Amino acid sequence: MREFVTSAVTVVTVYGNDFTTPEQQPSEPQRIGQQPTGPAPGGDEPAAFRALLAGDDRVEPRDEMPEGYRRTLVRQIAQHAHSEIMGMQPEGNWISRAPSLRRKAILMAKVQDEAGHGLYLYAAAETLGVDRADLLDQLHSGRQKYSSIFNYPTLTWADVGAIGWLVDGAAIVNQVPLCRCSYGPYARAMVRVCKEESFHQRQGFEILHTLSHGSDAQKSMAQDAVNRYWWPSLMMFGPPDDDSPNSAQSMAWGIKRFSNDDLRQRFIDMTVPQAEALGLSLPDDAIAWNEERGHYDFTPVDFTELFEVIRGNGPCNEQRLSHRVRAHEDGAWVREAAAAYAAKHAAPAKESVA
Amino acid sequence: MSPEPLWEVFIRSRRGLSHVHVGSLHAADAEMALRNARDLYTRRREGVSIWVVPAAAIEASSPDEKDSFFDPAVDKVYRHPTFYDVPEGVEHL
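Read top to bottom, the protein sequences are chains A and B.
Under this note's numbering, the letters of the first sequence match residues 74 to 427, in that order.
Under this note's numbering, the letters of the second sequence match residues 276 to 368, in that order.
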């Protein structure tokens, strides 16, 4: 079976999106999905697989599938799972400092949800024949990535609100179409995830709304957080369509349903009125309603910064990864203890059932 | 290989008649699997009963045999109630 994606290509997921930095893109002969007509490598695809896609049916774990499809999904779902796990850190940073007990309880529930999302997604990835422990090793050794957004620091309490409103809002726009992804286990995991992300987005909005209607200091704190998180949130949708080599193939395979630019526009159209309701401004003077297009115009995103973050040069890359690796290593003896306990009790447990 | 085996999780919802597969998770033993399933899949009152089953204990039918395996025998149409003629005017049958 032909492979469409080389394993040497490092990609980063943006919460279930999938893209590369310019120098990481595959060389021309391997560049996929650039063909103008549909899934060009169709000749190598099993007929049953093509029939499933054509009928808009779901591909299930035991169905035959092209190796490229399987690998793309493993990478995308794993990196999506990694993002959920790594995303616990920036917000976890504020749990002990949340300004009220109510806010603190909500934040803990949210971070617990993120852990759950990671687990649903690792389970979905494992249906493709990979092992969670291996995926985590790849995260820890830097061979697999996580969303660039979590390499930004949370400097104030308002950042927790901005992450909920903008980052989780962008994630929802990305993820809702994934509920109809061609791979059944991923689609089903996304249905659960999306329901819970709505809670996250609303609680973020509420935090910012409270701050922007509070004291001057609170309002300026909220505005500062929005200013810092706006552009990184837009970058979560990935590079422009003409510079996104994985997108066309992912769309042909039914993994991705809309282009990066379409989703980014949808997010902006949704967010501008919400910013007005918050009484906060977005840090882009070019934002204006375009009657003709029926969309908001905005300044094109400068992706230089995104690619720097993906390369590992973001503000918190080092800190986030070393924290994760340390937690894993320091927890090794606990995992060993649990395994020893399970082994010791396995035999008597069987007898008591009988 | 992960030291924690994979478990499949089935949940019967509040008004559900049967347990429905909701996902899977890793846990060292059945008790931890149950506790984690409680935390993971019933945070919002989704269920009232949980089954966990080691994934290794499940045998699945093969998609390759889907057609032959599930094809109902066409010569057994008498399995369907519509096969039987009912005289005109007979009710509640």
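Derived from the structure by calculation, the hints contain no laboratory data.
One or more of the hints may lead you astray.
[What the hints assert, rightly or not] Taking beta-carbon pairs under 10 Å as the criterion, some of the chain B residues facing chain A (in silico):
| hint | residue |
| --- | --- |
| 1 | Leu292 |
| 2 | Ser293 |
| 3 | Val297 |
| 4 | Ala331 |
| 5 | Ala332 |
| 6 | Ser336 |
| 7 | Asp350 |
[To be verified] One-sided and incomplete, this derived list gives chain A residues near chain B with beta-carbon spacing under 10 Å:
| hint | residue |
| --- | --- |
| 8 | Ala196 |
| 9 | Ala197 |
| 10 | Glu199 |
| 11 | Pro250 |
| 12 | Arg253 |
| 13 | Ala260 |
| 14 | Arg261 |
| 15 | Arg265 |
| 16 | Gly404 |
| 17 | Ala412 |
[Unchecked claim] A few chain B positions that, by computed beta-carbon distances, are all more than 10 Å from chain A:
| hint | residue |
| --- | --- |
| 18 | Arg290 |
| 19 | Leu300 |
| 20 | His301 |
| 21 | Leu315 |
| 22 | Arg318 |
| 23 | Trp326 |
| 24 | Phe344 |
| 25 | Phe345 |
| 26 | Tyr359 |
What you are looking at is a predicted structure, and each value in this text was computed from that prediction instead of being measured.
Where a beta carbon is used, it is the ideal one built from N, C-alpha and C, also for glycine.
Here's how the hints hold up against the structure:
Interface restraint check: leucine 292 of chain B against chain A, minimum CB-CB distance 20 Å, threshold 10 Å, status violated. Interface restraint check for serine 293 of chain B: the shortest CB-CB distance to chain A comes to about 18 Å, outside 10 Å, so the restraint is violated. Restraint check, valine 297 of chain B versus chain A: the minimum CB separation of about 8 Å is within 10 Å; hint holds. Proximity of alanine 331 of chain B to chain A is violated relative to the hint, the smallest CB-CB distance being about 13 Å (cut-off 10 Å).
A distance limit of 10 Å between C-beta atoms decides the matter here; for alanine 332 of chain B the minimum to chain A is near 12 Å, and the interface restraint is violated. Taking 10 Å as the C-beta contact cut-off toward chain A, the hint placing serine 336 of chain B at the interface holds, the least distance being around 8 Å. A cut of 10 Å between beta carbons decides the hint on aspartate 350 of chain B: the least distance to chain A is about 27 Å, and the hint is violated. Annotation: interface hint on alanine 196 of chain A holds; nearest CB of chain B at approximately 4 Å, less than 10 Å.
At its closest, the beta carbon of alanine 197 of chain A sits 8 Å from a beta carbon of chain B; the interface hint therefore holds under the 10 Å criterion. Taking 10 Å as the C-beta cut-off, the interface hint given for glutamate 199 of chain A holds, the closest approach to chain B being about 7 Å. Below 10 Å, beta-carbon pairs count as interface contacts, and proline 250 of chain A has none with chain B, the closest being about 21 Å; its hint is therefore violated. A distance limit of 10 Å between C-beta atoms decides the matter here; for arginine 253 of chain A the minimum to chain B is near 18 Å, and the interface restraint is violated.
Interface hint status for alanine 260 of chain A: violated, as the beta-carbon distance to the closest one in chain B is roughly 13 Å, over 10 Å. Taken as an interface hint, arginine 261 of chain A checks out: its beta carbon lies about 8 Å from the nearest beta carbon of chain B, inside 10 Å. This hint holds: arginine 265 of chain A has a C-beta 8 Å from the nearest C-beta of chain B, less than the 10 Å allowed. For glycine 404 of chain A, the interface hint is violated, since its Cβ never comes within 10 Å of a Cβ in chain B; the closest pair sits about 12 Å apart.
Interface hint status for alanine 412 of chain A: upheld, as the beta-carbon distance to the closest one in chain B is roughly 4 Å, under 10 Å. The Cβ of arginine 290 of chain B lies farther than 10 Å from every Cβ of chain A, with a closest approach of about 18 Å, so its non-interface assignment holds. For leucine 300 of chain B, the shortest C-beta to C-beta distance to chain A comes to about 6 Å, within the 10 Å cut-off, and the non-interface label is violated. For histidine 301 of chain B, the shortest C-beta to C-beta distance to chain A comes to about 6 Å, within the 10 Å cut-off, and the non-interface label is violated.
Residue-level check failed: leucine 315 of chain B sits 5 Å from the nearest beta carbon of chain A, not beyond 10 Å. A beta-carbon of chain A is positioned within 10 Å of the beta-carbon of arginine 318 of chain B; the least distance is around 7 Å. Look at tryptophan 326 of chain B: its CB is around 13 Å from the nearest CB on chain A, clear of 10 Å, so calling it non-interface holds up. Taking the minimum C-beta to C-beta distance to chain A, about 12 Å, the non-interface status of phenylalanine 344 of chain B holds against the 10 Å cut.
The beta carbon of phenylalanine 345 of chain B is kept farther than 10 Å from every beta carbon of chain A, the shortest such distance being approximately 14 Å. For tyrosine 359 of chain B, the requirement that its beta carbon stay farther than 10 Å from each beta carbon of chain A is met, with the minimum near 35 Å.
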